[in-house]
Amino acid sequence: MSTKAKKFSLQDYLFIATVLLGAFLSSLTETIMNNALPTIMTAFSVSQDTAQWLSTGYILVVGIMMPATAYFMDRFNLRSLFIGTFSLFLAATLLAGLAPNFQLLFIGRMLQAVSVGVSMPVASNVLMLIFPKEQRGMAMGLSGVVVILGPALGPTLAGWILKTHSWRMLFHMISPIAAAVVICALFFVHNITQTKPVKLDWLSLLLSTVGLGALLYGFSSFGTWMAYLWIMIGLIVLAVFTKRQLSTTQPFLELRVFKSSSFTRTTFLAALVSVVMLGAELLIPLYVQNVHQGSALTSGLIMLPGAVAMMLMSPISGHLFDKYGIKGLTLIGFIITIVATIPMIFFNTQTSYWIISFCYTLRMAGIGLISMQLITSGINALPKELLVHGNSVASTIRQAASSLGTAFIVTLSSVVSKNIDGSHVQALETGYRWSFVATTAIAVLGLLIALQLRNKTTPEFQMKHLDK
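Numbering of the sequence shown is given in this note's numbering, commencing with residue 212 and proceeding in unit increments.
For the record, the hints were derived by calculation from the structure and aren't laboratory data. Even glycine gets a Cβ: it sits at the ideal position worked out from N, Cα and C. The reader is advised that the hints may include incorrect statements.
Label pairs and their calculated CB-CB ranges [what the hints assert, rightly or not]: (1) His376 x Lys538: 43 to 49 Å; (2) Gln504 x Thr261: 19 to 25 Å; (3) Lys538 x Ala652: 20 to 26 Å; (4) Ser220 x Leu440: 53 to 59 Å; (5) His376 x Thr459: 46 to 52 Å.
Turn these sequences into a full structure, and let the hints steer you where they fit.
Written out as structure tokens, the structure reads:
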């Protein structure tokens, strides 16, 4: 197999740039509300448990929509799909920015999530299709600069905006960028996929929505008997969903990709990494503003070096992955993440902002080493016919785990805080401490699983064998 790098034309570069700009905008909205939650709570007189749905609910809807990506890419040409999803994103952003109450703000956020749930995997699928296998590590590293930078930069950008403007500016600022993406798509995005007369399995969409929704509600209400009931309902519905996917000729989510053990491990690890990353991105602003009584700008500035570290590590990780493989990279990344997270367990009102920022930056650098490359390694273990489906499955699992995991982490903090005697600040401090214990435990689990990874992956089965 030739390892000669593919040469791109100016049109190709403009195409890739438009896709990456859209991916950055999509990923930015994932965390931009995290730093604004205390402000939203005050503006609409809602509790932390209610306000957090702007983040956890958003992540869940993204996860619910991602399985449909393969259908949309088969059913519609790429240009129309890209323009359509970002037009919806623009309309949803305008609605959220003008929302007179929390309910309409929530609807706007969920419509954003519907768009992002399709556009984000479309972007990564485009890169997978454009770049040859020998360049996928670097391609995903390039993608990581914008896709990972978005969530990492969101809290910092929000803190800076909230210093002098209303929370509405978080949406007003995004709107013109979304409009620019739509305009660029009209000129630069072209079709690189073939359409097929496939049908959407509405029953599967309903089952996945109900199943994941029930799980999220259960994890968000953790600590009550009703929570366990909702979790049980969610698991049962998802079991029915899984059985349906394995018994139909045109599954909504192609679960046969899990025939590859390498894909299964890397997908599970990528999900754990997302929980560890987003958990801290959600906890740090709440901790700084509620325990230290710092401003949104302060918490944003504390997290800024972490965003920069992750941006710098992403292309480096792509180069290291292409040269050395995934196993050593993942082990080092998890070890760095664990070492940086352990001190967070002991954060208190006296902890220096410099220490908080250093620990956060170090853990983001560790996560930046492995986040995108785990997905790439798993995709490389699949036959070409399942690349798009594999990416959709991996993205769905990662998003669903992020939503459920962050909901559990925040709920754990709330439950512990409510059962602690002492001042309000002491109770919050203890709650956040146990949440950091949970994120550390998840990272340790990831390290143990990483020991079983294969350093280099190649397709582990052929479609013709599955179809027999």
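Problem set entry | Numbers of unmet hints, in rising order | Checked against the structure, no hint fails, so every one of them is satisfied.
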